[in-house]
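Novice: One-letter residues, chain by chain:
2 protein chains.
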Amino acid sequence: MIPAALAKLVAEFRKLPAVGMKTAMRYAYSVLEMSTDDAEDFAAAILEAKNKIKICSECGDYTDADVCSRCLTADKSVICVVGEPKDIHAIEKLGTYNGVYHALHGLLDFRKGISADNIRIKELLSRLDGVKEVILATNPDICGEMTANYIAGLIKPLGIKVTRLAHGIPMGSEIEYADEMTLGKALSDRKEM
Amino acid sequence: MIPAALAKLVAEFRKLPAVGMKTAMRYAYSVLEMSTDDAEDFAAAILEAKNKIKICSECGDYTDADVCSRCLTADKSVICVVGEPKDIHAIEKLGTYNGVYHALHGLLDFRKGISADNIRIKELLSRLDGVKEVILATNPDICGEMTANYIAGLIKPLGIKVTRLAHGIPMGSEIEYADEMTLGKALSDRKEM
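Protein chains in written order, with the numbering used here: chain A, 18 to 210; chain B, 18 to 210.
Only chain A is shown next, with the shape it has when bound in the complex (with noise of 0.2 Å):
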């Protein structure tokens, strides 16, 4: 009973991260219950990011630049190594790291056939030059070490500095409920106080 273009809308929703149908459902409806120019300005802002938003040639953020503004501005001794643009966003938010960052733009999977040719490492390797410190901030799963791991193979030999995100209990969490990996990582990985 639902109109074609209606339900279409509803699958493109259900594209996005997280997005049930109930959810996809709902945002539809918003987007009919908006003005025209609204939906239009909506439509708009989807073309234009993907149109003018590219990656930055050297630490492969998103950008709108050819280098982004980071790149040109901020202390290249440090390194901070992700795997998605995304998680820059998650550090830059703490307002307390200076160094610039570098997007692998994925982590090695040899179930889905990703290798280190497949994703921005040669680039990371390219930009050494000067580097005192390599901060490893993969995902800590077993991609995200898979990775760090290889990386650090090929770095630490140069003389640089290679560290990792700590890891442990999550600060405000109760060790009671903490899984058994995380646990055992934040004993044997515990600090002098």
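Don't read these hints as lab results, they were simulated from the structure.
Predicted model only: the values in this text are computed from it and were never measured.
Misleading hints may appear alongside valid ones.
Repeated chains share a single entry, so a pair holds when one copy, or any two copies, can fit it.
List of simulated lysine-lysine pairs, DSSO-like, C-alpha gap at most 30 Å [claimed, not checked]:
id : residue 1 : residue 2
1  : K71       : K39
2  : K103      : K202
3  : K149      : K178
4  : K110      : K25
5  : K39       : K149
6  : K39       : K202
7  : K67       : K93
8  : K39       : K93
9  : K208      : K71
10 : K173      : K129
11 : K67       : K39
12 : K103      : K25
13 : K71       : K202
14 : K178      : K139
15 : K39       : K208
16 : K139      : K93
17 : K110      : K139
18 : K32       : K71
19 : K139      : K69
20 : K149      : K129
Since the structure of chain A is provided, determine the placement of chain B on it from the hints.
Specialist: Coordinates of chain B only, in the frame set by chain A:
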């Protein structure tokens, strides 16, 4: 540090219902990660839904025809009156109602200056020929109750049966946690077993 086109897309996503900053960022990044074709399909679906979908001249539901398929085939002796077309979808999903609907596209709200002339009440009154029952299924809040009472006052004198969706304790919930108004309503509307 976020490119302007990305910030604009985030702002557009924030206009969707119950979408905060974090979710909007997540959606915007997923658009950047889409293929250009997929992003174009998404934008086109918004415009197409907005252009092709209009309001059924009888019931006020969204349709791509002049009169929706339900109005052409369903039992017209019962009309279920709802605030918005999305409420029709919720009742249709039950699969137990065979009558037609009437979407008011709004509820009486004197604080916002919405009076009987601003919602589709006149259109409802013009559909009453041969109708045996009008079910008032507006939301159980102040505006919904007021609208239901107003419409009942117009239709009951015509000798047509007017009913209202039952209010009470939601199925599967616990009496202990029911709010006072709901529990009071459930007690006063108690049914003989």
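Novice: Would you mind marking each hint as holding or not holding in the structure?
Specialist: The hints, checked one at a time:
1. For the homomeric pair K71 and K39, the shortest alpha-carbon distance between copies (21 Å) is at most 30 Å, but the shortest distance inside one copy (33 Å) is not.
2. Only within a single protomer do K103 and K202 lie at most 30 Å apart by alpha-carbon distance; the minimum there is 26 Å, versus 49 Å between protomers.
3. Taking CA atoms no more than 30 Å apart as the test, K149 paired with K178 passes inside one copy only; the shortest distance there is 6 Å, against 81 Å between copies.
4. When the C-alpha separation of K110 and K25 is checked against a cutoff of 30 Å, the pair qualifies only between copies, where the shortest distance is 19 Å, while the shortest distance within a copy is 36 Å.
5. In the homo-oligomer, the alpha carbons of K39 and K149 never lie at most 30 Å apart, since the shortest distance is 50 Å inside one protomer and 33 Å across protomers.
6. In this assembly of identical chains, K39 and K202 lie within 30 Å of each other by CA distance solely across copies; the values are 29 Å between and 39 Å within a copy.
7. Within a single copy, K67 and K93 get their C-alpha atoms as close as 28 Å, which meets the 30 Å cut-off; across copies the closest is 48 Å, which misses it.
8. Taking CA atoms no more than 30 Å apart as the test, K39 paired with K93 passes between copies only; the shortest distance there is 28 Å, against 46 Å inside one copy.
9. With identical chains, the CA atoms of K208 and K71 are never at most 30 Å apart, being 41 Å at best within one copy and 64 Å at best between copies.
10. Taking identical chains as interchangeable, the C-alpha atoms of K173 and K129 lie at most 30 Å apart only when both belong to the same chain, with a minimum of 27 Å there against 66 Å between chains.
11. For the identical chains of this complex, K67 and K39 are neighbours both inside a copy (27 Å) and across copies (19 Å), given an alpha-carbon limit of 30 Å.
12. Taking identical chains as interchangeable, the C-alpha atoms of K103 and K25 lie at most 30 Å apart whether they share a chain (28 Å) or sit on different chains (16 Å).
13. Taking CA atoms no more than 30 Å apart as the test, K71 paired with K202 passes in neither setting, with 38 Å inside one copy and 58 Å between copies.
14. Within a single copy, K178 and K139 get their C-alpha atoms as close as 18 Å, which meets the 30 Å cut-off; across copies the closest is 76 Å, which misses it.
15. For a Cα distance limit of 30 Å, the shortest separation of K39 from K208 qualifies neither inside one copy, at 46 Å, nor across copies, at 32 Å.
16. In this assembly of identical chains, K139 and K93 lie within 30 Å of each other by CA distance solely inside one copy; the values are 17 Å within and 69 Å between copies.
17. In the homo-oligomer, the alpha carbons of K110 and K139 lie at most 30 Å apart inside one protomer (28 Å), although the nearest pairing across protomers, at 53 Å, exceeds that limit.
18. Both within a single protomer and between protomers do K32 and K71 lie at most 30 Å apart by alpha-carbon distance, with minima of 21 Å and 25 Å respectively.
19. Taking the closest pair of Cα atoms, K139 and K69 come within 30 Å of each other only inside a single copy of the chain (25 Å); across copies the shortest separation is 49 Å, beyond that limit.
20. Taking the closest pair of Cα atoms, K149 and K129 never come within 30 Å of each other, the shortest separation being 33 Å inside a single copy and 62 Å across copies.
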